Each structure stands twice: as structure tokens, then as C-alpha cells.
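Q: Listed below, chain by chain, are the residues.
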Amino acid sequence: MTMKKLLFVFVFLLFLPGISQAEDFETVVRLTCTPKDQGAQISINGSFKAECSTGGPVNIFIPAGSTRVEVKKMPDAYHEQIFTEHFTAVAGVPKRINVVLSEPQLNAAGREAEARDNFNEQLAAAKNGDIAAMETVASLYSQGKGVKQDSNEASHWRQQLAVAKEVAAAEKDLKEAYGGKLEAMESMVKRYKTGQGVDKDEAAAGLWQEKANDLKEKKRLQQLAAEKRSRTISNQRSMESELAKVSYRKNQKAFDDWVGSMNSTGGASDAGKALVVSVISLPAIAGALVLDTVSFPTRVIERHKIKKKYEAHAGAWARPNSMLAKVYSQQPQETGEPLVVIAAR
Amino acid sequence: MRRLLALLLLLLGGCALLTPTPELPPPSPLSSRQWQDLEARLRQAPRKVLSAIRHEAQGRLASPPQGTLPKNDDGSDNPEAILADLILHSRAPLLLADDSFRQRLNLVDGSGPQPQTAFAQALAGFLLQHDYSCRHPVFSSYFQARYQLSVATCKESLPFLVASRNEGLQSLRIAPERLHAIHLLFAGQGGAMASRFGHVALRLIICPEGDASPEACNSNLYGHLVLGYMAHVDEFELNTVKALSGQYKAHLFAFPFMDAYRGYAIDEFREIFSVPLALDKEQLSLLLRQLDEIHWRYEGDYSFFRRNCATLLQDSLRLLDPGYAGQPTLASDYLRPDSFFEAIIKTPLVEGQRLTNKEQAEEDGYYFSSTEGYYEQAMLLVRKSMTRPSFADIESYLARPPAVRINDITADQNYFERLSRDQHLLEAQILLEELAIFRSERRLLAQGSRYFHDFGDQLQDSATLARLEVNNRAFFKQCFLQSIRQVTAAVPMRQAIPDQDSPLPVENRPGICKEDGAPARLNAILHDINQQGNDQWQRILAASRLLEETVNNILVLQELNHDSTSIH
Numbered sequence: 001m002t003m004k005k006l007l008f009v010f011v012f013l014l015f016l017p018g019i020s021q022a023e024d025f026e027t028v029v030r031l032t033c034t035p036k037d038q039g040a041q042i043s044i045n046g047s048f049k050a051e052c053s054t055g056g057p058v059n060i061f062i063p064a065g066s067t068r069v070e071v072k073k074m075p076d077a078y079h080e081q082i083f084t085e086h087f088t089a090v091a092g093v094p095k096r097i098n099v100v101l102s103e104p105q106l107n108a109a110g111r112e113a114e115a116r117d118n119f120n121e122q123l124a125a126a127k128n129g130d131i132a133a134m135e136t137v138a139s140l141y142s143q144g145k146g147v148k149q150d151s152n153e154a155s156h157w158r159q160q161l162a163v164a165k166e167v168a169a170a171e172k173d174l175k176e177a178y179g180g181k182l183e184a185m186e187s188m189v190k191r192y193k194t195g196q197g198v199d200k201d202e203a204a205a206g207l208w209q210e211k212a213n214d215l216k217e218k219k220r221l222q223q224l225a226a227e228k229r230s231r232t233i234s235n236q237r238s239m240e241s242e243l244a245k246v247s248y249r250k251n252q253k254a255f256d257d258w259v260g261s262m263n264s265t266g267g268a269s270d271a272g273k274a275l276v277v278s279v280i281s282l283p284a285i286a287g288a289l290v291l292d293t294v295s296f297p298t299r300v301i302e303r304h305k306i307k308k309k310y311e312a313h314a315g316a317w318a319r320p321n322s323m324l325a326k327v328y329s330q331q332p333q334e335t336g337e338p339l340v341v342i343a344a345r
Numbered sequence: 346m347r348r349l350l351a352l353l354l355l356l357l358g359g360c361a362l363l364t365p366t367p368e369l370p371p372p373s374p375l376s377s378r379q380w381q382d383l384e385a386r387l388r389q390a391p392r393k394v395l396s397a398i399r400h401e402a403q404g405r406l407a408s409p410p411q412g413t414l415p416k417n418d419d420g421s422d423n424p425e426a427i428l429a430d431l432i433l434h435s436r437a438p439l440l441l442a443d444d445s446f447r448q449r450l451n452l453v454d455g456s457g458p459q460p461q462t463a464f465a466q467a468l469a470g471f472l473l474q475h476d477y478s479c480r481h482p483v484f485s486s487y488f489q490a491r492y493q494l495s496v497a498t499c500k501e502s503l504p505f506l507v508a509s510r511n512e513g514l515q516s517l518r519i520a521p522e523r524l525h526a527i528h529l530l531f532a533g534q535g536g537a538m539a540s541r542f543g544h545v546a547l548r549l550i551i552c553p554e555g556d557a558s559p560e561a562c563n564s565n566l567y568g569h570l571v572l573g574y575m576a577h578v579d580e581f582e583l584n585t586v587k588a589l590s591g592q593y594k595a596h597l598f599a600f601p602f603m604d605a606y607r608g609y610a611i612d613e614f615r616e617i618f619s620v621p622l623a624l625d626k627e628q629l630s631l632l633l634r635q636l637d638e639i640h641w642r643y644e645g646d647y648s649f650f651r652r653n654c655a656t657l658l659q660d661s662l663r664l665l666d667p668g669y670a671g672q673p674t675l676a677s678d679y680l681r682p683d684s685f686f687e688a689i690i691k692t693p694l695v696e697g698q699r700l701t702n703k704e705q706a707e708e709d710g711y712y713f714s715s716t717e718g719y720y721e722q723a724m725l726l727v728r729k730s731m732t733r734p735s736f737a738d739i740e741s742y743l744a745r746p747p748a749v750r751i752n753d754i755t756a757d758q759n760y761f762e763r764l765s766r767d768q769h770l771l772e773a774q775i776l777l778e779e780l781a782i783f784r785s786e787r788r789l790l791a792q793g794s795r796y797f798h799d800f801g802d803q804l805q806d807s808a809t810l811a812r813l814e815v816n817n818r819a820f821f822k823q824c825f826l827q828s829i830r831q832v833t834a835a836v837p838m839r840q841a842i843p844d845q846d847s848p849l850p851v852e853n854r855p856g857i858c859k860e861d862g863a864p865a866r867l868n869a870i871l872h873d874i875n876q877q878g879n880d881q882w883q884r885i886l887a888a889s890r891l892l893e894e895t896v897n898n899i900l901v902l903q904e905l906n907h908d909s910t911s912i913h
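One line per chain: the protein sequences are Z and W, in this order. Position 282 (the first sequence) corresponds to 282 in this note's numbering; numbering is contiguous. Heads up, this note's numbering is the position in the second sequence plus 345, with the first residue counted as 1.
Derived from the structure by calculation, the hints contain no laboratory data. Since we're looking at a predicted model, the values are computed, not measured. Glycine included, each C-beta is placed from N, C-alpha and C at the ideal position.
Quick list of simulated restraints, FRET-style, between CB atoms:
hint: 1; chain 1: W; residue 1: ALA737; chain 2: Z; residue 2: GLN223; range: 23 to 33 Å
hint: 2; chain 1: Z; residue 1: ASN321; chain 2: W; residue 2: SER502; range: 33 to 43 Å
hint: 3; chain 1: Z; residue 1: GLN223; chain 2: W; residue 2: LYS822; range: 47 to 57 Å
My request is simple: use the sequences and hints to build the entire structure.
A: This is the structure in C-alpha cells:
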């Protein structure tokens, strides 16, 4: 007798009190259930073998090889608690398993009952005009979920769905049309003419057409008025600009005369070279201070609104590697100055 | 022939002999006690100087002259006046003003006092005032050199009056440690007569507070100052006769570098060169102090052809830059700024090699290109991107009213959509509007100058003021007329660099002028004063409105750039 056989005889003697089946075994599996799992059915590789009992562990003799242990308990007709374990049984090597059942979950009958309940719920809502429920009912009929598969019913509910959607869109258009939206008015005209989402009604279509025409005319007139106003403003600005230009030239004359007398080729008369006196003096700087006081605080507004000092902006844009670019990107935003807006009078 | 020559020499010599020497005040009497007190305070004086003064004092004690000495207000002795009087009447060569002193006096004081009197007062101050080197660095370094003395370096920060485009006249103190370099700045030729030879000045490279690294200092452009000799035009329009005949006063003005950049590179499309003077840290610090003394004290005549920015700066550097005298090419004066700049960049006095590579110089802050090319580039990009551009160049772009410009942008749907996608294009478009702002500001300034020229007196006359309600009258005087006076007033000056406890001569605007409602109130008053059909006032309003509309154009464009951080 080999050592292996001696060991098996020893184990067999050890397990002897719980043996329920003894024929054709090569090893034994010992399952321990908790008291509350009493009555749970133990299957090995799909064959019922025993029930969990309060009398202690259950020993089941099994052949060697792949083994699937399933322990199932049904607290009621629609729920079950399950424990499963896969292992490879080795001849002469006993296996211990502590059974821990899952929380109760729906079994096949339970799932079917639930689908049926869901269908009934959706059907009731669909019959009450719920568009989403109509779509669900049509789908459930198509798939046979919770109800017997029925393509005719599915088709019926799809038609119901399309009608309901049109009605909803028509309601939205009508609301917006009353709110004065031109596109909605035009949509209502089309709906009443074709019966899309509403009952066909030529009189109602005519009424909405009239309202839409009125609104279009009103908008056209408003547009014309705006354009006219814009042209007027533009003309006014051009006039002011011209006025400023004339005045500027007049202002420049004294200095131009001097420059002209010194330099027969001219050179300082164009707008881009105003205030050339700044080359040799500071009146521009001092003058700017006074002008801030007199000409609205436009410069304050400007600096405040634009936020960045922009003298370096052109250099930063055209020469990204230049010192000006560094300075422009690093400078903090302008802050702290009060924003005072005064309308020009 | 020899006789003729001898006669001529005699005549010339005779003329020289006959030239009247300025009369000195008579020497004052000196008591033994006065001399003992004074001598006790002169222990630190150079031995030879003290000996010469003592000789003069002893002569006066032996045969007391007639006359009286100036005293302090409380009747006590004024030791500095006593010492100055002794020096003034001493014939000791050591106590006589020399050429070097005269040149420095001219540099600091312009058309100043008689040299020997000034010398006596300066030496008395140098020997008796503990902080003389802080107040008078030009003379202090002269006396140190002449008498081979070593005086402790002044550590005080230096005050400057800075005339800023946006802030007006402001006082500023600069710690010498914050000076990184001094550059010679040259603005290239402009198209106008007054600028056709360029302009030359000094640029102070001032470090930001708390960071003295070269990178931080060089890129602190908004903190750099320009010191330049300019005419003070104390009126709202330049008087050409006065400008040509040298009747405006020249001063060494200080103003922000970025104001200069705007004036030259943006407003006048001129290029700027800026090269460091080759000086060590100690020399830089001393030069800054000496320039500060000139800044506070100098007033001379400004003549466009003879005494201009270039000649006055050469006078300064000749005396203050230790290497200048050794440069043969700079021995004679250059009347034109461009000629002077061309000559000096070839000498080792400046780091002329910084300009060898213009692109590198632009990266390092030694060269600032005219912005004309930048705006031209922006205009071409915008023009190419618009469907139907209604302008051919920068001038025709700017000639359109702001409302038309923004309308052209928004009406061109393709272009407008591109602006919101293409950051580079959007910035180009914004740049053109920013240029329009610069132009509008200049237009506004021109209108304003004309208005003040024509109506400045009328605004200040009693009839105008009498029309105002009492409270408004006081407010108008404080907040408006004071600003006008600041333009026409003389440049605030001092006899020395003000010490840290002296109030600086900048009249701060009263608090009431800075309140939120002040501009609106002032505007309402001016509107009432000008309501009776003042065309010039209407032009100011029109120019102001154009400026405001251009600002709004930029704001519309910036709206397209919500997610970008580079514009906002």
C-alpha cells in the first residue's frame, strides 16, 4: 500500500460520520452552511445532491476534475439567493467550502413579472398621451419584453407617437406665434393648411398669414429707420471729422509757416506730423494734462477700458522677439482709475 | 607789418585790460571769536586751503575793514557767509575759481552768478556743510579732485520731477542702486524741420523695485526715464520768433521713456537708438547725481541752431564723463544731434557695438524701429483679408470716420468671422484702431492748444468767474485754472538737490478735484462757459467724440477675443 492510499483511508475515516453518498467517489467536498441557509439546495455540476442542514457540514463525494458547486435558496417565488464556486477536484484531496449566500435577487419568474409590471405602467402612461411612454410601449411590443411580441401593436403605437409629436410641435409653434415670433406664425399657417399637428383650418391659416405679413412689414420699417439713423450718424461723424480736419490744419498753420520759411521743401504740413514742437520742448506733455481736464476724461476712460498700455503693442505684434514684445506680454493690466463716462454735448 | 601787428596786439590787450571786472563787495570785519569758532569747524579742511584762509583772516584781524557781515535772521553769526567772504577776498591761487570751475558753474547754473562769488560760496558750503556732496555733487567732485580729498559717498535717493504725458508733473525718488545703466539715446531724423537732424538725450535704465537682474532692468521700459535738454515753451502755441532767437529757456527735463517712444516711434515714425555709456557702477552713480543737480538747477537759453539738445549734452558729458576729454573726435562741438551721435558711437565712450546687428539690438532694447513699417504690415494684412477694402494705405484707412471703419468690418461677414478665428489678424486690426487713437489724441491736443491759446485769458478773467456760482467758482479755480497755470508757469527749480525732508515743488491737485464727480462737474461748468457758440470748443467736443468712438471700435474687436489673454 502506497503512502497516498494510506492517507486517503485516514481522511475517509475522518469524514465517515457525514457521508451521504459513497459510490464512485475519488474525493470529498465538505460544505458548511449558516443556520439561516437551512434548506438551500446544493447542486454539483448541475445535479442536486443535498440540502444545507442545521446538523453540521455536508460531505459530498465527488469524482476528480472540474467541479461547479451551486447552492441556491428561494425565499419566495420571484427571488433567489445563490452561492457558486468553481474548482478542480483532485483525487484524494478533500475540499472545504464555507457557503455564503448572496442577497435575494430576482429569478427568471421575478424578472418576467417585473417586465410585465413595467409594460403595464408604460402602457397606462402612453394611453394618457405621454410621448416618451408611447415610444417605450412600441419598443416593448417589438421586443416582446413584459408582453407578448406583437408587431401590429408596435406599429400602432409608433403611429400614435408620430401624431403626438406633431401635436406637441404645433402647440409650441402656437405659443411662440402668440409671442410674436415670425417663424412660428409662418409655421402655423403651414400647419393649418396641411393639417400637420392641428386640424386643417383655412380660416385660421389666413388669420396667421395676415399676422405674419403685418409683422414683416413692421420689421422692414424698423430696419429702414435704423439704416436711416445710421446714415445720419455717419454723415454727422463725417462732418465732425471734416470740421476737425479743417481746424487742425488751421491750427498747424503757424508752425507750418515757420517750418516752410526754413525749409522750402515743406514737410510738416500733413496730419501725421502734428506737434513737431515736441521734438525740442514739452508743451505736448503739459498740454495733454490740461486737456484731460477739459475734453471729458476720455483719456482716462480709454486707458481704463482698454486695460493695457498699448504703446508696445505694434512692436510686440510685428517683432515677437523684441524687447517691446517682452514688455507688452509682461505688463499688468491698468487698474485703479475711476471710470467716468460723460456724454458729449 | 610788425608794427601793425604789435599795434593790433596792443589794442587787443588794451581792450582786454579795459574790460571792466565785476566789482566785489568790500571785505567785512572779523572778530577773534568769530575766527576761532570758524577755525574750529575747519579742522577737516585741506591743510593748504586752511592756511590760505587763515592768512586772509589774520590780515583782516590785523587791520579790520569797514563794512558789515550778513548775519542769520536771528542776528547770530553766519559762519558760512563769513567763510565765503574770506575766500572771496583772498588772492591765494588755491582759493581762486579756475576754468574747470567756471565750466561746471555754467553747466549747473546756466547764466549763473559771477564765478568768483559762486566759487567762494561753493567752497564755503563744501567745507562746512555735512551733506554738501548730496546737495551739490557736481561741485563736490570738483573740489575733491582739485584738493585731492576723499568725501564719503552720498547714499540718499535722488529726486526727479518727471513730466509724464498721462500724469502731468510728478515727483519721483530713485535710489542710485536701482540705476542699471545710462544710455545715450538718439531719435533718428524726422520729416519736420525741428526734427530733421534727430534728437539726442540720455536714458536712465532703472531697475524695478526688488529685482536688479539685467533682464529685469532692461525690460523695465515703463520705469526708464529720459533726461534731455529741451526748451520750456511756456505758452500754448510755439512762438517761432522766440524759438529761433533763443528766448525760450532750456532745462534738463525728465520724462518717461515710453512717452519718448510714443512721441518718436509712433507719432512721428522715427527710429530710436539707445547705447550704454561705458561706465562702471560707481561712475554711473556719480553721473546720475550730477545730472540730478543739473536737472534741479540748470536754466539757460535754448537756441535751435547754437544751443540745442546736442550742444548742451556735449557740454555735460565733456565735464562729467571721465573719458570724454581724451577723445580727439569729440574735441569740438557738433551742432547737429545726428553728427554728434555718429561721432560718439565710434568712440569707446559708448558700447557702439550693440548696434552692429539691428535685429539683436531690437531684441535687447538698444534699438527701437519706427512703427511705420509695423502698421503698414498690419494694414496690408487687413486689406488682403477684407472682401472689399475701402482703403489703400494707412492714411486712407485713418481718414474714414470711426463709425464707418467698424461698420466696414462688421458688414464684411467673411472677414468678421475670420477675425474671431485668426488671432494674428485680429491684433493687426486692433493695431490700426490703436493708431487711430494715437492720431485722435494728437488732434485733440492740437484743438485744445488752440482753444487755450485763444481763450485761456478769457477763462481766467473776473467777468467769466463772476458768472459762476460761488462754490463752482472756487472749484473751477482749483481744479482747472491751476492746471493751465502749470503749463505757463516757470519750471520749478531749486538751488540744490532737495534733501529727503524737503517738500518737492509739485503742487498736488486738491482732493476735491479727484472725486468721482469732479470731471462731470468741471465739464458742466465749461459747457456753460462755452455755450454761446464757441466754435473752438465745439471742435474739441467733436475731436473728443471721434476719440471715444475709436475706443469703442477697439472694445468691439476685443469682444472677439474673449478667450485670449494677450489683448485683455
